[in-house]
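With the hints as extra help, turn the sequences into a complete structure.
Chain by chain, the residues run as shown.
2 protein chains.
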Amino acid sequence: MGAMASFTCGAHGTTGGMGIELSGPYPGEITVGVVDANKVAHLLPLFGDSNHSEAERYVEGKEGGGGRVAIEQNITRDYLWCTDRITGGATTLQIYSPFFSIPDPATATPAQLAFACCPCIHLEVVFNNSTTSTITGIFGLTIDHRWSSLGARTGGNLIGATSRDTIGFATQTPGARCFIDFDAVSAINRRHQSPEFLLGPTAGLEIEVPAGETRTLSVALGFFVDGVATYNREMRYYYTRHFTSLTQALSYALEHRQAYLTEADARNRELADSPLSDDRKFMIAHATRSYYGSTQWLWDGQASVWVVNEGEYLMMNTFDLTVDMLFHEMRMNPWTVRNVLEQFVCNYSFQDTVFHASDPNHALPGGISFTHDMGVMNHWSPTGQSAYEVAGLDRQCFSHMTCEQLTNWVLCTGVYFAQTSDIAFIQRHRAIIHGCLQSLQNRDNPYPSARNGIMGFDSSRTQGGGEITTYDSLDHSLGQARNNIYLGGKMWASYLALEYMLASLGDPALAEQSAAAASLAAQTISNGFRSDLGYIPAILEDNNESAIIPAIEALVYPHVMGLQSATASSGPYGFYIDTLKTHLSSILRNGLCLYPDGGWKLSSTADNSWASKIALCQFVASQILEFDFGEAESIADAAHVAWQQKGATHYACCDQFRSGEPIGSLYYPRIVTNVLWLHSDATKGTL
Amino acid sequence: MGAMASFTCGAHGTTGGMGIELSGPYPGEITVGVVDANKVAHLLPLFGDSNHSEAERYVEGKEGGGGRVAIEQNITRDYLWCTDRITGGATTLQIYSPFFSIPDPATATPAQLAFACCPCIHLEVVFNNSTTSTITGIFGLTIDHRWSSLGARTGGNLIGATSRDTIGFATQTPGARCFIDFDAVSAINRRHQSPEFLLGPTAGLEIEVPAGETRTLSVALGFFVDGVATYNREMRYYYTRHFTSLTQALSYALEHRQAYLTEADARNRELADSPLSDDRKFMIAHATRSYYGSTQWLWDGQASVWVVNEGEYLMMNTFDLTVDMLFHEMRMNPWTVRNVLEQFVCNYSFQDTVFHASDPNHALPGGISFTHDMGVMNHWSPTGQSAYEVAGLDRQCFSHMTCEQLTNWVLCTGVYFAQTSDIAFIQRHRAIIHGCLQSLQNRDNPYPSARNGIMGFDSSRTQGGGEITTYDSLDHSLGQARNNIYLGGKMWASYLALEYMLASLGDPALAEQSAAAASLAAQTISNGFRSDLGYIPAILEDNNESAIIPAIEALVYPHVMGLQSATASSGPYGFYIDTLKTHLSSILRNGLCLYPDGGWKLSSTADNSWASKIALCQFVASQILEFDFGEAESIADAAHVAWQQKGATHYACCDQFRSGEPIGSLYYPRIVTNVLWLHSDATKGTL
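One line per chain: the protein sequences are A and B, in this order.
Oh and the first sequence: position 552 is 552 in our numbering, straight run, nothing missing.
Oh and the second sequence: position 306 is 306 in our numbering, straight run, nothing missing.
Mixed in with the good hints, there may be bad ones.
What the hints assert, rightly or not - What follows is a list of derived Cβ distance ranges for each label pair: (1) B:Thr216 x A:Gln112: 58 to 64 Å; (2) B:His145 x A:Thr131: 46 to 52 Å; (3) B:His356 x A:Arg191: 21 to 27 Å.
Unchecked claim - Taking beta-carbon pairs under 8 Å as the criterion, some of the chain B residues facing chain A (in silico): (4) Arg191; (5) Leu198; (6) Tyr252; (7) Val376; (8) Met377; (9) Gly392; (10) Gln463; (11) Gly466.
Treat the hints as calculated values from the structure; they're not laboratory data.
A quick note: this is a predicted structure, and the numbers were derived from the prediction, not measured.
Using N, Cα and C, we set each Cβ at its ideal position, and we do this for glycine too.
Rendered as structure tokens:
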């Protein structure tokens, strides 16, 4: 957690491995299996070109070596929340990626923090010898660099290898030996007598397994980036405060192995015991891994700094992802939410003016907002500037998201406060909260009498262009910000959050003003309903007729803040809730907002549907709007699982799909929003 | 120098860029050229897929941008010792890679050392506008990471960009502006209004050039690896002692630009003014760049540590390369030779026993020797162990090179002492020198009466296998160590070097013993001459009949030590010298040791010829054996140049060629041995 590192594998016949700060799986070879008495290696299909169906073949080693290899054909896989168990033939590879609440570093003990930040995961490689001869179990990694053996460096305490003092593996299993060679096949069949041939890019472990017996290699995989990790504002990985080196982290991980496995088991049971379908359990487990691989827990010299990188794009703390990952982070460690919110206030807030599209040169009062992100690939952007946003684009990808990021700060802060009661936090930022209300209203319309509750004016940062929403790669139905009912919904929810916080701050007049703005937004959106269409068109202008599911998205915020009356048919916004119910009923049909496979299509006019947002809207539909989809739900879930497993086979958890094929947002953290499913039914409203 | 970094480009139509610690050219895009008034970019062909012949085409930008591009078709290139000048159309790119004597860091001033270690090179990009409209000159680099702009960070003092605080470029040319975008074509045609679009992997400079005028961008390219650079024994780059950051190094480089350009000009003139042919001047210039890109000047906390990495293989201080690069290093900075020799003594020497191939289990006294290398890819090997050598191989690639590395230490030490008169050095290592004599003789034969002067016994490190020579990828003619006349020649030369050093140390008895051993070696090799063949077969056993050019190689050592009588027909080894003359006369013919193109084929029985060793043997043949090849010399040189320019187009300076095609040792430092050519004729014997 927080090491921005991963051990990715599992797609049959392709590469994988240990990676740090990467935009996708490490493209190495993973060699796991047993070598039988005839020197045939029976391997799991975790390396390139290993999806052949021949029972056995001769494989040429990279430097003249070679040997006979058989790829295990019958693979079973159990993909639990923290344990990935891959079994083929005599070999079972279990990967433990435990996660748990990271304690607030400002108050936790050093021992707790060391345990939480240790940059290691755990493997268990089980070799089950049902033959009558001794066999050898092997685990090896081929990388694009070279290795040093740990045995000599640790006086035999650790068996394993490290590369560049940055990645490595270690075991203390009796009988395990380290090997280094060009490739695992050459190592198995080595004609020379030097098990540790330092010239090769492959290192691994081997262990003899007597006839009829089982041996288990208990391995820690460690990651360690020492020194400066981020640029422009220099920070280090937080784990460097607790561990002096990769070797020490590996020692610690093995010493505390049981405690990590206990955490993994607890999470595994928690998900397994939930009433969710297997498809949903898979999606949650998949999303959670992809989230943690993108997390970066840094130390700036005075305090912890929490960053979630944007999957393959590696933008830092993209705010429109933060708001979706909020539910998971609030569940696990709310301090990370607070941490990111304060980073936005301190470094990535700004003041702008706004203009109407019909009169771009007429600047009117805007207000505070926040950037799209904080930088990219460990390069912090200059203060008040994102890596993503550029000026001069009219509602196109890479334009500014000023209004939406403003709602994101308000919504995250509202949820954080509602769930933690951290009154000190909102008191500290009272002026910001006041500014947010004013800024939101100015983005509706700087003239109070002309307001309708949803966004009507664009930021001067666009330099005469037009703002977009997080749905940057979709058409205007979701991509255009102004007069968009998706963003309008988020403005409504933001006003509710502001009302709640302002009331708690003892600012009843402003709270009332917020409530009035929320009503206005709900009215405007509801009034947009077109009975000829049966739904509210996405953009309330220009005769737009797109149908969008995310019209309902923002209902999640009052719900998780405990503002149940706001989302009840019987409550003050009942008309709005009921209209959204009708809206969703109308559009969830094939050809409109359903794909032929039953998967959800966020917009009727764009073939680009996002796994994270689907999960969020599924939650809203079932738990807030009280839809009962019956069999259609499991059909949709099966489709969404197929998109990940068959579509995005090589990219771990992916967000953007075109008709089930991944087209962007690969290796992505955002889908963890689906942890909301765990709060369905029984736990409704008690997140 | 010593930054293990390079800016590689020039092969038309392919990638290049700034790289650190790489095994080949950086695979990025280099965009240099002018954008005319019609927005057409006229670019040098220094990026992928840029070898098209269409006059102009539309190029799709990577993120939706795009624009019209014309590739300059008529490129001229001047490739001087330190300046690479590439001209096409209105654009001239000049790359200055100055080199000069690196002062001994133990005695030089901080100012001298800062100047020598500054990890920057210089560019001059000249844009000549002969049109009647304003055009824009551009220089851009596309990498696999992201950039930060230098302007804001330096208060406008530097214009440019850096990535990961590790590579970057800067200028102070008035009017230059920085741009950052997805790719240069998109940057030129940007539809947005943000010149520095931080999300993109391309950064560059642009400058307006008024009609009829010329503008010159003066750019520094800088490299900076902070913190620990090597593993197992942690060291840093030496330049981190003098520079605190990449930005500071760039500032320094620009401030001292004129002094660097003066050095470059001096080297350029030196080579240009030499009497060498253009082909030889090219080969020297090419080899020198490839050498410096492999050099690593480190700091271990107490002293400088000099490492030359082995080209694409990145082994550290491979000793059989050190001995070939010796001539260049002695010429430039002898302290680096001493430094490497002492590293071998302290960390990579060992004692072994030896055995005869007929009785591998019978261990006999061996003695001191040295490992093949010191590690690989910044990983220091354990003490007394190389990355390369493994046990149990019988005269195959990756076996031990124990005898040859012993000769290499003796020969390097002998040449170092002869040329520097550093008596303190050999006094300090008197015991080692004594040990070398005994060890050499034991590798001939542990029984003195049975000795013949050349290697007969293999090291116990081979565990019953057989040693090889540096020619590891050739057949036994050059690959087998024992009874090999190539290695026999190096033993002869080693005995001469030992004689010289022992006499200087006041050990006349041992000096005499060395001289006797040299005579024995010369006799044995001469006696190997077969009049039926007309040459000495490569291996003096098993009726071997291979013809090898490197039989003459070792004559270079007494020559550069000033031991002219040793290589004279009239001297004590005149019979040996004359036999080698006859040998070379016989074998230098097509089908034996000449390729059809006139290039030299080191062994008649192996199609794998090495540019470094060819240069060395050419020097020996002309300057010591006094061959006059007439026109054949320029034909051979033209062939060798074609191997590099047409064969190894994409791999910079390459060593191993199969019939003119590169097959290994790419991006290699060793060819710098060809600096010997500069010491031909006029300077004979005065190296």
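Structure-based check of all given hints:
A beta carbon spacing of about 60 Å between B:Thr216 and A:Gln112 agrees with the range 58 to 64 Å that was offered as a hint. Checked against the hint of 46 to 52 Å, the C-beta distance between B:His145 and A:Thr131 comes to roughly 49 Å, which is consistent with it. About 22 Å separates the C-beta atoms of B:His356 and A:Arg191, a value consistent with the hinted range of 21 to 27 Å. Annotation: interface hint on B:Arg191 holds; nearest CB of chain A at approximately 7 Å, less than 8 Å.
Among the interface hints, the one on B:Leu198 holds; its C-beta lies about 4 Å from the nearest C-beta in chain A, closer than the 8 Å criterion. Because the beta carbon of B:Tyr252 sits about 20 Å from the nearest beta carbon in chain A, more than 8 Å, this interface hint is broken. Evaluation of the B:Val376 hint against chain A yields a held restraint, the C-beta minimum of about 5 Å falling below 8 Å. Proximity of B:Met377 to chain A holds as hinted, the smallest CB-CB distance being about 4 Å (cut-off 8 Å).
Given the 8 Å rule on beta carbons, the hint for B:Gly392 holds: about 3 Å separates it from the nearest Cβ of chain A. For B:Gln463, the suggested interface contact is upheld, since its CB lies about 5 Å from the closest CB of chain A, less than 8 Å. Taking 8 Å as the C-beta cut-off, the interface hint given for B:Gly466 is violated, the closest approach to chain A being about 12 Å.
Hint violations for this structure: numbers 6, 11, all remaining hints satisfied.
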